[in-house]
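Visitor: The primary structure of each chain is shown beneath.
Protein chains: 2
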Amino acid sequence: MAAARANPSASARRSTARGARTREEILHTAAQLASVEGLENLSLGRLAAELGRSKSGLFAHFGSLTELQLAIVEQARAIFSAEVLERLSPQSRGLVALEQLCDAWLGYIERGVFAGGCFFMAISTEFDSRPGPVREKLALIMGYWLRNLERRIREAQELGELPTDIEPAQLAFEIHALGMGANWAFQLFDDPQALQRARLAIRERVAQLAGGPIGLQR
Amino acid sequence: MAAARANPSASARRSTARGARTREEILHTAAQLASVEGLENLSLGRLAAELGRSKSGLFAHFGSLTELQLAIVEQARAIFSAEVLERLSPQSRGLVALEQLCDAWLGYIERGVFAGGCFFMAISTEFDSRPGPVREKLALIMGYWLRNLERRIREAQELGELPTDIEPAQLAFEIHALGMGANWAFQLFDDPQALQRARLAIRERVAQLAGGPIGLQR
Numbered sequence: 001m002a003a004a005r006a007n008p009s010a011s012a013r014r015s016t017a018r019g020a021r022t023r024e025e026i027l028h029t030a031a032q033l034a035s036v037e038g039l040e041n042l043s044l045g046r047l048a049a050e051l052g053r054s055k056s057g058l059f060a061h062f063g064s065l066t067e068l069q070l071a072i073v074e075q076a077r078a079i080f081s082a083e084v085l086e087r088l089s090p091q092s093r094g095l096v097a098l099e100q101l102c103d104a105w106l107g108y109i110e111r112g113v114f115a116g117g118c119f120f121m122a123i124s125t126e127f128d129s130r131p132g133p134v135r136e137k138l139a140l141i142m143g144y145w146l147r148n149l150e151r152r153i154r155e156a157q158e159l160g161e162l163p164t165d166i167e168p169a170q171l172a173f174e175i176h177a178l179g180m181g182a183n184w185a186f187q188l189f190d191d192p193q194a195l196q197r198a199r200l201a202i203r204e205r206v207a208q209l210a211g212g213p214i215g216l217q218r
Numbered sequence: 001m002a003a004a005r006a007n008p009s010a011s012a013r014r015s016t017a018r019g020a021r022t023r024e025e026i027l028h029t030a031a032q033l034a035s036v037e038g039l040e041n042l043s044l045g046r047l048a049a050e051l052g053r054s055k056s057g058l059f060a061h062f063g064s065l066t067e068l069q070l071a072i073v074e075q076a077r078a079i080f081s082a083e084v085l086e087r088l089s090p091q092s093r094g095l096v097a098l099e100q101l102c103d104a105w106l107g108y109i110e111r112g113v114f115a116g117g118c119f120f121m122a123i124s125t126e127f128d129s130r131p132g133p134v135r136e137k138l139a140l141i142m143g144y145w146l147r148n149l150e151r152r153i154r155e156a157q158e159l160g161e162l163p164t165d166i167e168p169a170q171l172a173f174e175i176h177a178l179g180m181g182a183n184w185a186f187q188l189f190d191d192p193q194a195l196q197r198a199r200l201a202i203r204e205r206v207a208q209l210a211g212g213p214i215g216l217q218r
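If you read the protein sequences in the order shown, they are chains A and B. When we follow UniProt numbering, the leftmost residue of the first sequence carries the number 1, and every step to the right adds one. When we follow UniProt numbering, the leftmost residue of the second sequence carries the number 1, and every step to the right adds one.
With the rest of the complex left out, here is chain A (with noise of 0.2 Å):
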């Protein structure tokens, strides 16, 4: 009896666990999709072509469009924390960790994570002017990056590494513009010295700051 009761349930796990690596499948070809053609134009339709699975299929998995947008925003910001945040060493503080944290956003833009460039910078500029629950994520996650980037900058502050007169949400403003210059020229030339362009204009302006340089890769 205690096998039989095992086996259902070892089942039921198994289902289960199987289900979300479906879902994770689709979400992950999904988002790749997404950053090369749009959220908006990526239909249950479409994504089942391109999948080989029924649309009811997909409709089981995520019930709306909404749903589903949201599940691959969801999923892209998972892949952005493994392909950047996660690279951060854990004890990094200050400068150390600003600067590894550019390092791995920009080479996560330069080795391509996403086809069609970062898929934030896309989707956000595409959800921009459309309000609702998708265009409210994307600000949220939008939001929380820039507060990393000024965590780091404050905690440079309190370290002494950059003068206190600075404000931690100027320059973290400006250091994502530089990433976000050189996404859309890495995209829109295929100009792969645009990464250098932004390498080079951050550690210029953080060194101006601290006086002296840091040492962003390459």
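Calculated directly from the structure, the hints in this document are not laboratory data. Don't take each hint at face value.
For chains that are exact copies, the list does not tell them apart, and a pair is met inside one copy or across any two.
[Stated by the list, open to error] Subject to a maximum C-alpha distance of 20 Å in a straight line, what follows is the list of computed DMTMM-like cross-link-like pairs (lysine to aspartate or glutamate):
| # | residue 1 | residue 2 |
| --- | --- | --- |
| 1 | K137 | E74 |
| 2 | K137 | D191 |
| 3 | K137 | E40 |
Mind docking chain B on chain A? Use the hints.
Guide: Relative to the frame of chain A, chain B by itself:
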């Protein structure tokens, strides 16, 4: 007879002028819509509904969706030119010209000339991974804009206002990225301070290189 010949000719001229005006009105509405909803989503059907016209009437004006998209981009280029490039005094050179260009450009973003923020940042981000004539035209226009900034930087070097060891394309990249970051934050966060952040960053960057302040408005 002369009067009889003159009449159809004047009427034909009026009809051509009316056709051109109609076409421009259609494209003006289309460019506004595209800045909010994207260019790929803008079908002839969607545009016909917005304008209260027949789809076949629009088709007579443009023939294909790609022709319509290219015409919208051209119309947006004319609007950008009138709102930004033509605000530059014809006799301006070097840093004065660079400053006037940046003022006009950031002002155009701030005034909301396009309902969904800068048409070119939205649409070039949308099309940067979609090969074809629309992406090619956008890359040409954006390349022209960057070279316009570079030209003013080179003039400033020739006038002795900026040191000669600055690469014009690097500084143009930085200035463009900061404006792009401002447009993005202004749209996504409804944050008017974003424009001020870009003005401050551009002013400080140029002043640092020029060895003295430049006078961006506000």
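Visitor: All the hints need checking, so say for each whether the structure fits it.
Guide: Here is what the structure says about each hint:
Taking CA atoms no more than 20 Å apart as the test, K137 paired with E74 passes inside one copy only; the shortest distance there is 9 Å, against 33 Å between copies. With identical chains, the CA atoms of K137 and D191 are at most 20 Å apart between copies only, with a shortest distance of 17 Å across copies and 30 Å within one. For the homomeric pair K137 and E40, the shortest alpha-carbon distance inside one copy (15 Å) is at most 20 Å, but the shortest distance between copies (23 Å) is not.
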